[in-house]
Amino acid sequence: MADPPARSPVEPLPPLITVEGWIVSGRRSPADLKVVDCTPLGKLLVRAHRRLARVGVGPGEARRVDGALRIRSGPAELLLLGAPGTAAAMASSVPTEGTTTVLDATHALAVLRVTGPEAARLLEKVCPIDLGGRAAPPGSAFTTGLEGVRTGVARDDHGGEPSYLLWCERASGAYLFEVLLDAGAEFGAEVDGFRPPGV
Amino acid sequence: MSRPASMTRRLPPRPGEVLDRDDRFTFRWEGREFPAYRGDTVVSALAACGERVFSRSFKYRRPRGILTADRLDPGCMLQVEDDPNVPGAHRRVEPGMEVRAHPAWPSLRRDVKAGIRLASRFLGPGFYYKTFMRPRALWPTYDRILRRFAAGGRLEPLRDDLRFDHRFIHPDVVVAGGGPAGMAAALGAVGEGARVLLVEEEHELGGHLRWAGGGGRELLEELRAAVARTGEIEVMVDATVTGRYDHGWVAILQRSVPGVDERLVKARPGVLVAAPGLIERPYVFEGNDLPGVMLSTAARRLVNLYAVKPGDRAVVLTANPDGEAAAADLEGAGVEVVRLLDVRDGEDLRRAEGSGRLERVEVADGTSVEADLLVVAVGWTAPTGLLDMAGGRSRYDNASARFVPGELPGDVLPTGGLSGDGTTDQLIEHGRAVGAEAARRAGGGVPSPIPPLRPDPHPALFRAATHGFVDLCEDVTSKDLLQAVAEGYDSIELVKRYTTATMGPTQGKLEMVNAVAVVAEATGRTIGETGTTTWRPPLGSISLGALAGRRHEPVQRSPIDPWHRAHGARPMVAGRWIRPEHYGDPGGEARNVRERVGIIDVSPLGKLDLRGPDVPRLLELLYVNRWSKLSVGRVRYGVMCAEDGVVLDDGVTGRLGPEHYLMTTTTSGAETVAEWVESWLQTERPAWRMVAVPVTSAYASMNVAGPRSRELVSRLVDEVDLDPEAFPYLHVRTGRVAGVNGCVIWRIGFTGELSYEVHVPSGHGLHVWEAFLEAGADLGIRPFGIEAQRVLRLEKGHLIVGQDTDGLTRPAGAGLGGLVKTDKPDFAGKPELEWSATRGDHWRLVGIQPEDPDAVPPEASQIVEEGSRIVGRITSSRMSPSLGRSICLARLDPRLAVPGSVVTVRLPDGRGIEARVTEGPAHFDPEGERLHG
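Heads up: the sequence lines are chains A and B, in that order. Read left to right, the first sequence gives residues 1 to 199 (my numbering). Read left to right, the second sequence gives residues 200 to 1132 (my numbering).
Chain A on its own, in the form it takes in the complex (with noise of 0.2 Å):
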């Protein structure tokens, strides 16, 4: 029997669509820059006893495998993003060696995405890391504190345009939703819904 709708951390703004389970604002936004609430993904946290083998992603990595990106979060650590409801499905793709816990966590993380030519600026002002072209190149992936928040961050271009996918636990994603939009005010940052597949 399939779930009802599940909702996100971040409140939707109007109107509210549900796509592939999930409640989400249907908002267009035509701002050069977006934020995006990506919580609907599909998320697998794989994490090891002592180290992952043969997971096709190196450490600071994210990587697009089997329609998934995979990143590499931590030392022994791997997240899978996938569309909404793929969990299960991203379950099966991943090499298990010795002791490791492959754990469904769509309702633990919450995701966000900033897209647009000033998604680095907006970043600059919430994140101590160097955001720039050749410290963070697409397809890097890195934790740091966000204003007071543990965030894990991967560069994940879309379309040549610069975006972010930004993840926190899940309690604190409507915190960090706050916090990027009022960082994007003077870049003109806008809400934008989330469309599947989103990743």
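The hints are simulated quantities; they were obtained by calculation from the structure and are not laboratory data.
Partial selection, computed: residues in chain A whose CB lies under 10 Å from chain B:
1) Ser8
2) Leu45
3) His49
4) Arg50
5) Lys125
6) Gly148
7) Arg170
8) Ala171
9) Leu176
Built from N, CA and C at the ideal position, the CB exists for glycine as well.
Given the coordinates of chain A, work out where chain B should sit on it, guided by the hints.
Here is chain B on its own, set in the frame of chain A:
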């Protein structure tokens, strides 16, 4: 009403002026309307209308006017709207702006406090230290009086209209200073492929080329165009590099950002290029602070940037070509230069005289000249602060009479006037070379030498034959410095602290070298031997708001938070979580749980997913009680201690599968326990085959409690048999709740009632919550908040770690001694707990009921005996809705911690009330019949 002022001293348009004469508007100064052009600073607009006095001095309340006509000008600190201490010679005036001088009474022109100058001979250095030390009882009185004489503006304490923020930036090269050398350095660095940030304190790039006239204008435009053309140089104007910190961090205070009052930029460049230019040094002589006495650069800024005629009859004292250029500019502006005194020809001045403004200049040769303007050009200070903060060692150069950069670390390079002198072309050439070298070094290149730029020889001029002000911010005179030395303060650092010289808003940039020279003169040492005080960040004033940045306070919200807000919950902060304290009637909420059924959002409970064959070993290690035989489907309460045996946290852990456990922690202990677990697994037991993942946010958690809870839960749960035999107390099941798969259901009861704790995938939390409320409507369900929960658990005698325990409480002291299994091979805190078990002198956690059932002693009230000896403390107290009386938990001396003991609780008002120790900690249902029902 006063007549509007007019621009009586405004010159016809000048070639390099920064004014937009098509944009004329008015603003208010000291309550009177003044005209201005767009581009004017507050002070240039006022000066164009003939105003000459802008402030009263810090200590002697002397009238002060323009000295430098830039951001450093000590006499031009103003109150602009609600902002105090604004550099008025830098802040651009805006239409309708309300500007005032810092408080003077009855007016800036006639400040009665200026009468203090009559007592000036008694107000030398250390006056306050010497005078106001005794009697100590009068300190508050002294404080009140001195505050009335304190200078400075008016600070509005509660303002929410200001916006500050931060920005982090990682360029390869930061160039501090946007003069010709700075711009050239930026271009040189970009030419080598570097990312460059160019920071300029003024409102536009250009440095001295902006006001120096001549062919500099064309060159300035060329450089500006080149900077803009690259597209690779980020330019910040009206921004100040305020410090250079460890690991290369550079702090930049950025103003004039749209929508932001001030922004603190934290830059971490590969190399810092310091190109701040030179600062013209004031001259010390009697009357050197009179309005009308100014530096040559100030006169040229006024004439050439702001088209202001600074006087009618001028005396110019010069020791360099800039003084001559100033004289030429003044004459070009229609000012009569009545006397040009050239120090190089042996000329000097003795004093400036006038009543409230300059009227005469007495020359060293004894002649006296009527003048309303005295322009001095006696030398330069190289602002080496940034270099010294980076670890450089500046040294005094006798030939040029200024401090120059000494040995520097490889990631800091000076250029421009800071390095030396030369023609503009030479400065630009040096800047380009330095910029290119900076880029190479930022890219990891090996340092290579740069052709030096040497400072030109210059006469050493610091003080005339008379005494005057050295520090115009702090009203410190050369006499004061001599007196300080005479009193034994013979090092420049001590003199600084004793006299406060260099401690004002300019932070030594104008006055440091003169102060050093006077101290050197008094001690018989050279200036080089005397040295400078230590340059520390910030280099200039910086607001606390800029340091603080945006007021983001991280908060965590439950998935059910929107419902709480929509239904009038009173929010409370618990750690980082926003939780509902109550929904308007905590007593009623608690009674409803006892009589019918209630539901509480407990999502913030810490949760850890533990998997692997060695999880039982971890539980045995971290908890004081036994875990190895916990079977699948069972739940156990555990207490966790630190290695010193002090209670760290408590909670329940359930076994969901053969190698799968779910641990819960207190809300406040969630992160601590997660780190504690990870620390043990990574550093002490790395071979154990298990993985721990924090999943607090993954679940929305709610506790359905009350005698009708089973009936309610049964309406929404599938696949789980709720019969008490099938699902008894301290058991756990997984199943579907309200159509949501993957839920975890525990039978536990913090409230002391039959209850079910339901953990739901967070995205469905609100749905399940609403489903419970809808399904339980006919059962009388009500939500209850933290306050009701606290009352209910207190009735039951359940402790809260952190409230009923403290940083010294071991399990036995919290009534948990029976859980500690010291016969286990090992667990965290075991040695300490074995030792403490042999002592038995620890305070015990007991239930206490005041003899007066209406008296509720506040939590943290002391329990005393023999009048004042502390023998315990109330840790929790409430009025119990179930019992209709006050109830408490307390930690108590073991002598008194026996049922029936009567103790005295000291109330905050000093009264003592009697209270009796109960049989056990539980005030309600001590047998636990309701819990196990």
